[in-house]
Each structure stands twice: as C-alpha cells, then as structure tokens.
Amino acid sequence: MATVSLTKLTKRYGNIEIVHGIDLDITDREFIALVGPSGCGKSTTLRMIAGLEEISYGSIEIGGRIVNDLPPRSRNISMVFQSYALYPHMTVRENLGFSLKIAGAAREDMDRRVAEASAILGLDTLLERRPSQLSGGQRQRVAMGRAIVRDPDVFLFDEPLSNLDAKLRTQMRTEIKKLHAKVQSTVIYVTHDQVEAMTLADRIVIMRDGYIEQVGTPDEVFRRPATRFVAGFIGSPPMNLHEATIDDGKMVFATGEKLPLPGQFKANVATGDKVVFGLRPDDIYPTGHGISSGGAADVHQIELPITVTEPLGNETLVFVEFNGTDWVSRMLNPRPLRSGERVAMSLDMSQAHLFAADTGKTLRS
Amino acid sequence: MDENSSARLKRRLLGIVYRIGLFLAMLTICLPGLWIVISSLRPTVEIMAKPPVWIPQEISFDAYVAMFSGIGKGGIPVIEYFRNSLIISVTSTVIAVAIGMAGGYAFARYRFRGKSSVFLGLMLTRTVPGIALSLPLFFLYVRLGIIDTHFGLILAYVALNVPFTIWLIDGFFRQVPKDLAEAAQIDGCTRWQAFWQVEFPLAGPGIASAAIFAFLTCWNEFALASQLTRSVSAKTLPVGLLDYTAEFTIDWRGMCALAVVMIIPALTLTYIVQKHLVGGLTSGAVKG
Numbered sequence: 001m002a003t004v005s006l007t008k009l010t011k012r013y014g015n016i017e018i019v020h021g022i023d024l025d026i027t028d029r030e031f032i033a034l035v036g037p038s039g040c041g042k043s044t045t046l047r048m049i050a051g052l053e054e055i056s057y058g059s060i061e062i063g064g065r066i067v068n069d070l071p072p073r074s075r076n077i078s079m080v081f082q083s084y085a086l087y088p089h090m091t092v093r094e095n096l097g098f099s100l101k102i103a104g105a106a107r108e109d110m111d112r113r114v115a116e117a118s119a120i121l122g123l124d125t126l127l128e129r130r131p132s133q134l135s136g137g138q139r140q141r142v143a144m145g146r147a148i149v150r151d152p153d154v155f156l157f158d159e160p161l162s163n164l165d166a167k168l169r170t171q172m173r174t175e176i177k178k179l180h181a182k183v184q185s186t187v188i189y190v191t192h193d194q195v196e197a198m199t200l201a202d203r204i205v206i207m208r209d210g211y212i213e214q215v216g217t218p219d220e221v222f223r224r225p226a227t228r229f230v231a232g233f234i235g236s237p238p239m240n241l242h243e244a245t246i247d248d249g250k251m252v253f254a255t256g257e258k259l260p261l262p263g264q265f266k267a268n269v270a271t272g273d274k275v276v277f278g279l280r281p282d283d284i285y286p287t288g289h290g291i292s293s294g295g296a297a298d299v300h301q302i303e304l305p306i307t308v309t310e311p312l313g314n315e316t317l318v319f320v321e322f323n324g325t326d327w328v329s330r331m332l333n334p335r336p337l338r339s340g341e342r343v344a345m346s347l348d349m350s351q352a353h354l355f356a357a358d359t360g361k362t363l364r365s
Numbered sequence: 001m002d003e004n005s006s007a008r009l010k011r012r013l014l015g016i017v018y019r020i021g022l023f024l025a026m027l028t029i030c031l032p033g034l035w036i037v038i039s040s041l042r043p044t045v046e047i048m049a050k051p052p053v054w055i056p057q058e059i060s061f062d063a064y065v066a067m068f069s070g071i072g073k074g075g076i077p078v079i080e081y082f083r084n085s086l087i088i089s090v091t092s093t094v095i096a097v098a099i100g101m102a103g104g105y106a107f108a109r110y111r112f113r114g115k116s117s118v119f120l121g122l123m124l125t126r127t128v129p130g131i132a133l134s135l136p137l138f139f140l141y142v143r144l145g146i147i148d149t150h151f152g153l154i155l156a157y158v159a160l161n162v163p164f165t166i167w168l169i170d171g172f173f174r175q176v177p178k179d180l181a182e183a184a185q186i187d188g189c190t191r192w193q194a195f196w197q198v199e200f201p202l203a204g205p206g207i208a209s210a211a212i213f214a215f216l217t218c219w220n221e222f223a224l225a226s227q228l229t230r231s232v233s234a235k236t237l238p239v240g241l242l243d244y245t246a247e248f249t250i251d252w253r254g255m256c257a258l259a260v261v262m263i264i265p266a267l268t269l270t271y272i273v274q275k276h277l278v279g280g281l282t283s284g285a286v287k288g
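As given, the protein sequences belong to chains A and B, one line each in that order.
Under my numbering, the residues of the first sequence are numbered 1 to 365, in order.
Under my numbering, the residues of the second sequence are numbered 1 to 288, in order.
Same shape as in the complex, but just chain B (with noise of 0.2 Å):
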C-alpha cells in the first residue's frame, strides 16, 4: 500500500472515530429530554420498572388528556400556569430589554465615574445564587403584599435578568461604529433619531438574543417562582409541576407530560430564532 493511500484510509477512519463519538455526546445531551417525552407516553410501572425498560411496550396519550380534564379528573389548571408564564415571562423580558438597551448603551457609548465599578457590581450580582435571597425576599414580598402575585415575580425577574441584558447588549453597541451615530447626526439626525434609525438595527440581533435568553430564563425558573408564589393565579408552569406530587407518590408519568408542554413553546421560539442566536453570539464575543 503506498503512503497516499494509506493517508486516506487512516483519513476515513478517523471521520468515522469522529462520528461515533459525536454521537454518543449528542446522545448523553439528548437523552433525558427523549426520556421525558417517553415517560410521558408510557404507564407507571414502565417507568419505575428495574432495569429501566428502553423501548415502550404500549403508548398512549391518557396523560395529556388527564392534563387538561380539570380538576378531580386528574387535571391541572395548565391554561392558567401557561397563562401566567406567558405574562410573566413575556413583561420581565420586555423590561429587562428596555433596561438593558439603556444601560448597555450608556456603558458602550459613555464615559462617566464609577462606570467599571458599577459594571463590576452589575457582575457580582450574577454570582449570588438566587435561591438564597428567595427567604429574605419572601419576608419582604409578604410584608409588601405582593407575594403571589405577577407584579412581585416580574420584578424578580427583571432583577435577575437585567443585569445579563445590560453586559450582553453592551457588547453588540460596542461593535457598532461610534461614526455611524455621528454620520447620522450630520446628516440631519437628532441624537435620539441617530439611535433608532443607526444604532438600533445594527445591534438588532444582540438585542434578539438578549431578548430569548431572558425569556428561557423567566420561562424555566423554579426555585424563586415555588417560594413566592402560592395560588393558581401566579404559578407559571414550572411550580405547576408540584402538583403531581402528593404525600406519598409521585404522577411521573403526568409530570413529564406537562414537561412536554413546557418545552414545546421554548422550543419553538429558539428553533425560529436560532440564527440570530447563534449570529449574535459569535459576533457578539469579540469586543471591538
């Protein structure tokens, strides 16, 4: 065999090395979510069945239907934590934007005291676990009155998220030339005509990402949402799946069934963005 193709052979194989290996990584990242999809198709006894059973025996889709047969039946109220999710996610998300653009773009575009501290502190804000300020924000939330309520988590919300939207939309006005503003503002444009009609669209896709990644965070949060939030009327989805739990069993089956339901609209929404997403990502790591 001469050396060329022996280079080509040993080329192949390690294409093939390359593959096998990717797919058992994509197989451990997807698994659990094939899991879950799994489990909630199949009985109980399949699921706590030793050692697991792999391939379904019967499927059915008594779950998703016992889901939404209201209470009594089985059921729980899904259009009202869908409800509430979808308002609490979508007003955190849209304030936290807001707050972003403004703080990102002061931090991007002007010089003033204290910014690297502030910029700092914003930073540090993101290391405290969030769980260990649900108790002292329990306190005050119940003292204030608007524990369980969509006001009390959107602004908790908003908090945990502003602070990610600023750094992150930052750096997308840091990559947008300072000449463009000031093109425009020879051109005819006001400062705040400038922003919009330049500066804006240009960073449009950091801001798009900005937008989702604060939207996966409200749309998925657990740990704050189950402490300050009590009654049909504030739960979001994630606390809704406590209540397949009862003092001593557990409806995994139903569980993973409103799983599904959850995932499904984040899904979506990544699935229609991802290009942005990944677009803004990539451009959106290398500072100018």
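Pulled out of the complex, with its shape left as it was, chain A reads as follows (with noise of 0.2 Å):
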C-alpha cells in the first residue's frame, strides 16, 4: 500500500508534447479515476506510472521512493489492460501464478497466493482452463486475479471495461468496487466513461490535452465543474451549455432570448461580458415535474415548444428549442407528451454555472 505523486509530469514524443508537466498527489488506498476523451493523455499517464513509457521531465514516487528510471518489475505494481493480456499459451492457475513463479516463489506459497486470489474471485472451477476457452468477464476476472496475486502497492487499471458489453461491464464495475473495499489498496483507474469514474472513484482526475482540469470527489467534479469542459463531460445526459452575453443582469443568448443572471454570480460578471451559461437538465423540468434546490425565487419560469421526448419508464428526457437549439430536461413522474406542444418549464437557477467564454473557467467565486 502506498501513496503516489506525480511532479511536473511530462511526455514528449519527438516534438509534441502529450503530456504537459501535471503534478498528482494521491493517497494511500485511494481510488483515483484518470478520465477524459481519448488522446487527453490519460493512458499515458498510466502507463509513465508503470514504467512501460520513459518520462521526458518530471518525477514519479511510488510509497515515497522515486521510480523515474526503474523498471517495471521494480516498482511494485500491478496493472490490468484493456485487452486483459492474458497469456493465451499458459492456463488460469499459471497465469495467476506467472509472476510468482518470476520471482522464485516457494510451490506452497505460490498455490496458497492463487487460490486465495481465486477464491476473491470466484474462478476456482476454471483454474485449468486456458483464456481462448473463457468469456470475457471471466478472462477480465483472470486478468484482476493476477493482478492481485501480485499483492502490488498500486493497482494500475487501464479502461479495463471497455471490451465488455453493457450489461457486464456494470456487474464488473460493482466487483471491481468490491474488490477495493477488500484489498484495500490504492487504484489509480484510467477511463473514459465518466459513469465508471463516478461511480468507482474517491477522487476524479478530469484530463484534457495532456493538461489536467480538475481533481475533486465526484460529488465536487458534478456540482462545481471548474471549467466549461469539466461541466460537459461529467454528467448524463451532459450539461445544457450555451453562450450569452451579459447585458444589465439578464444574460442576451445569440437569437436574442434573455434569461435573468443567476444570482450567485452577479458580483463576478459586468454588463459586455461574454459568458457560457450551464445548466443540468435535472434543473430545467416541466413545471410540477421536477426537484427544485433552491428556493422559488430562484426558479424562473418560461414556456418552451417540445421537439422530442425519450421515455425512459420513471423519468422522460425531454428535449425543448431555446435559443434556436435543443436544451435536454429531465421529467420526472412522467407523463404523456407531445411534440411542438408547448409546456411551462421551470429552471432552478440557483443550480446554474456560468463559464468565461474566453477562458472556460467557471465565474463562481
């Protein structure tokens, strides 16, 4: 168990920087989620911290000893990939038990370790299998097996879900978090489903273009996004975004339409300024429909045509034209709806963000 810190963190290949010096502190038995679209430098990361990448400036530590130029196998770690990795030519019981053998365990420790590790994981009856005869979320399994057998200081995870279909990859999302609370070690969890990350983490690492934009719990990342990106990309179905200039404590949107400045931000905003507006579609509900947060002064009402609806059997997501374009709200005790009807729609504005347009940082203070 141990904690890991990034310092000034970089990636050069050739000329182009990926990954632009980010510093990272994580804590013992922390769950981490590295998120964010792909190319953002994430897997990267991940793979610096494993030693399978050299760095090009920074440091790594790992338990309070710097790794920067070790090997692999020197750091402690263990990882499981997106194609799991197993080796097709070994079976279950030996690939648990590869890296054991590698480091010249005794016959006695090393079937104790794997039987441990596949009791964790329920595999016991498929120990003598080799990976082609195995589904995917067994050979995912396998692929966590060996990783724990390792019994590393940190759990390196790389989009291990990505390969699986809908349904298991939640079952595998609910162990993998039980897994956690069992072995108790830290997890540093790269991926690019912001549900994997909200769900999984302890803290979330929000990364864009090899820079980080925000590191916070989940809760933080989705009710105080520190950027316009963060606020996009964290949250389904994302967050409503549109562009408006400030205009004497009404905010002017491209066609003209005003709404009233939410009130938390009216010190932070002058008449001229260009902003981002952002609001939830937990926020914007049918009148009646919805949970509002605030107070009713702060719900503004308006009257909105429907475009289209999706019915989802306990809530409809219901998408109405503000601003010449579809804004997506989230109706709650549904009930029938048609399009172009138009319907009284409530918007809790004391749950609004407001990003700068030029720099996508958030205006709250």
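If you are wondering where the hints come from, they were derived from the structure by calculation, not from laboratory data.
Where a beta carbon is used, it is the ideal one built from N, C-alpha and C, also for glycine.
A few of these clues could be false.
Said to hold, decoys possible - Label-pair distances were calculated between CB atoms; the ranges are:
{"id": "1", "chain 1": "A", "residue 1": "S56", "chain 2": "B", "residue 2": "M123", "range": "28 to 38 Å"}
{"id": "2", "chain 1": "B", "residue 1": "F112", "chain 2": "A", "residue 2": "S74", "range": "53 to 63 Å"}
{"id": "3", "chain 1": "A", "residue 1": "S56", "chain 2": "B", "residue 2": "L216", "range": "42 to 52 Å"}
From these two lone chains plus the hints, build me the complex, please.
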C-alpha cells in the first residue's frame, strides 16, 4: 500500500508534447480515476507510472521512493490491461501464478496465493482452462486475479471494462468496487467513461489535451465543475451549455432571448462580458415534474415548445427548444407529451453554472 | 422431375466433376515424383523406351544396392554426401533462424531510422537469382580459401535464407500483442525473460515453419552447391546426383534412386510438422 506523487510529469514524443507537466498526489488506499476523451494523455500517464513509457521530465514517487528510471518489475505495481493481456499459452492457474514463478516463490506459497485470489474472484472451477476457453467476463476476472496475486503497492487499471458488453460492464464495475473494499490498496483507474469514474472513484482527475482540468470527488466535479469542459464531460445526459452576453443583470443569447442572471454570479460579471451558461437536465424540468434545490425565488418560469421526448420509464428526457437549439431536460413522474406542445418549464437558477467564454473557467467565486 | 431433385442431381454431378478435376490436378503434380520412384526400380531399357512403358515389367532394387556398394561397383559415397547435406542444412538453418528471430523481432517491435528501406533491401536480395552470384562467389571463395568447405556453403545458405526468415518471423511477432510482453514485465520479467517466457512460445509455430522452409531450401539447393563444392568432403546430395553422369552416358536409374534417398528425409520432416506448417502459414499471412 502506498502513496503516489506525480511532479511536473511530462511526456514528449520528438517535438510533440503529450502530457504537459502534471502534478498529482494520490493518498494511500485511494481509488483515483483518470478520465478524459481519447488522446487526453490519461493512458500515457498511467503507462509512465507503470514504467512502460519513459518520462521526459518530472518525477514519479511510489511509496515515497522515486521510481523514474526503474523498470516495471521494480516498482511493485500490477496492471490490468484493456485487452486483458492474458498469456494464451498458459492455463488460468499458470497465468495467476506467473509473477510468483518469475519471483522464484516456493510451490506451497504459490498455490496458497493463487487459491486466495481465485477464491476472491470465483475462479476456482476455471483454473485448468486456457484463456481462449473463457468468456469476456471470466477473462477480465483472471486479469484482475493476476494483479491481486502480486500483492502490489498500487493497482493500475487501463480501461479494463471497455471490451465488455453493457450489462457485464455494470456487473464488473460493482465487482471492482467490492474488490477495492476487500484488498484496500491504492488504485489508479483510467477510463473514458465518466459513469465508471463517478461510480468507482474516491477522487476523479479529469484530463484534456495533456492537462489536468480538475481534481475532485465525484460530488465536487459534478456540482462545482471548474471549467466548461468538465461541466460538459461529467454527467449524463450532458449539461446544457450555451453562450450568452451579459446585459444589465440579464443573459442575452444569440437569438436575442433572455434569462435572468443567476444571483450567485452577479458580483463576478459586468455588462458586456461573454459567458457560457450551463444548466443540468435535472435543473430544467416541466413545472411540477422536478425537484427544486433552491427557494421558489430562484426558479425561473418559461414556456417552451417540445421537439422530441425520450421515455425511459421512471423518467422522460424532454428536449425543448430555446435559443434556436435543443435543451435537454429531465422529467420525473412523466406524463405523456406531444412534440410541438408548449409546456411551462422551470429553470432552477440556483443550480446554474457560468463560465468565462474565453478561458472556459468557472465564474463562481 | 421436380425442381428439388434436379437441383440435387446437378449438385451430385458437379461434385463428380470437381473430383475428376482434382484427381487430374493431383496426378499432374505427383506424376514426376512417382516416375522417379518407378524409374529407380526398373531397367534402363524401360526408362529410355519410346513410347514410355507405364507399368514396369520387372522390379529390382539393384540401383539401391549398387549405390551403397562402394566405388568401383557403381557405388557413390552416399553416406558422406548425406552427412555433408545434414551438417550444412542443419547448421545454416539454425543460424538463419537465430538471425531471423532477432531481425524479425526488431522489425516487429522497434521503430528505427531507415526501417522500411532496410526491410525493402532485404526483400530485394530475394530478386537476385542465386546462380548469378555463383561466379563472383566462386572467385571470392577461392581467394578466401573457403571453397569446397562446409563453412563456405553454410555461409552462402545463411545469406540466402536470412531475408526470408526475417520476413516470415516478423509477421509472427507482429501477431503477438505488445500488451503480453508488457504484462510480463509488470509481472516481474526482464525484457529478455518476457521474450522467452511469453513472446517466443507464442511465435513458436511461425519460427518452426521458417525453420522448415530454410532447411528445405538448403537441402534441395543445387546451383550454388555445384559451384562451391568439389570433393566428397563437402558435396551435398543434390550435387552427388552428378556422379551418375559420365562423359557419354547418364545412369538414370541410379540418379533416380539417389533422388528417392534425398526426398525421404525431407518428406518425413515435412509430414511431421505439417500441422505447424499449414497453421503457421495461414496465421502468418494476416498481419495484425
């Protein structure tokens, strides 16, 4: 078990810089998710921590020890690959025990630890099979078992669930969470799926173009996104984000439509400022079909035409037209709605977000 | 007759036509081999007969007996030739495969300056017919004093086979996912251990088929060997065939008998590893 510290960690390929000097401190036994769109440098960062990629500048500490130039085997880490990377010519038992065999462990010790790991993951009956005879979920489990057997300081996961179908993914997500509760070790988990990151992690690191946009608990990144990018990336369906200009305490949108400026931002903007207004689907709903977090004074009422509805059973996603585009809203206790129908909508302005249009940074103080 | 039964009849007829076609094709391929075996067992009169005698009238193993009877009784030093062939083929195959593995791995895994030109260069060497090089090679070998030696022929065969083994083994290493070697390194292997524990076993069938091809090339090669060897101490079996030619006559029966002796080991080896060979060829064909 160990802490991990990244200091000014940089990766260059020739003249192209992929990761731009990121700093990150991970505490002992913490579950950290690195999340971002493809090409944001999250996998490269993980591979640098693993020692599979050389670092161009900066340093990596694991358990207080600088490991910059150590080979992967000396870092006491284990890694679960997206492709599982099981050794096809070995049985499940041999796959699990491979690291112990290389380390020259005694036969009994090896058997005991393989048995422990396979008991945790329910692999007991599969030990004599080869990877080709396993289903996707079973392979995934073997890959995790191989990581557990090593009893590492840090677990690294590189998009471990992206090869599974949707149902299995949800199931394995829960298993990973249980596993972390059981083995209690530091985990760094890379994913492009914000739902995975939100559900699993203690803290989320959102990356974009080789920079860290925000580090925070799932609640923090959801409720207080630091940038426009984070606001749009975290949450499903995504936040409604629209550009506006401030004019005398109001936000004027491109089509000339106006909304009142949310009270909490009044002190931070002036007339003429270009901003991006953000409102989550939960905070815009047909009146009477949502939950207002603030007082009645903060809820703005407006009548809008419906373009499309997507019923999900317990709720319906309602797309309404405002400012010339569709805004998605979440309708609880849904009633049937028709396209083209004009409905009264409630906009909970106390939950609104405002970002500077040029820098993308939040205008919250 | 209804539609179904006529369709069934058509399918059956087509099946028969396919089989006949296949039989004719196989016959064309196998006939020369069969002819060699038959010719080694029949008298010269029958071999030379026109029109050809298809069914041998009398069968004798005289040619085989004579072959092993020693000089003067129509014999040739088969054992020595066999030994030379074996030493030269095995040694050059081992070396060519070792170099092929190193080279193939480098081409499959690493990026380096001039990679594609080097690869293209290696492939271009295959376009030069070996016989065109035999005269310069002969002069060079004479100067170096390695003419008519095992070493000289091994060197030539290694050079002949290396581009091919590199190309084939490269394809197989490409098929082994990079992740596996990385996983092995995380599991505690050095780069070297990761190669031998994981990548080598997985590329094994490919390496085996490269070895077979290299071996067969050496075993059957005639043009270079006939130029670069002189004496019993270095001549290989294909060159040994020439022992049956005299100034005015050719002992066709003896030559065929030696050809059969030559074919048997190659055929046995190919038969033993045919599973690997076929599996290896098809799986190597699709580069990932």
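**Report entry** CB-CB spacing for B/M123 and A/S56 relative to the 28 to 38 Å hint
**Finding:** 35 Å, holds
Query raised in the report: Taking the CB of A/S56 and the CB of B/L216, does the distance hold inside 42 to 52 Å?
Result: 49 Å, holds
Requested in this report: For the range 53 to 63 Å, tell me whether the beta carbons of B/F112 and A/S74 fit it or not.
Outcome: 26 Å, violated
Taken one by one, the earlier hints fail for this structure only at number 2.
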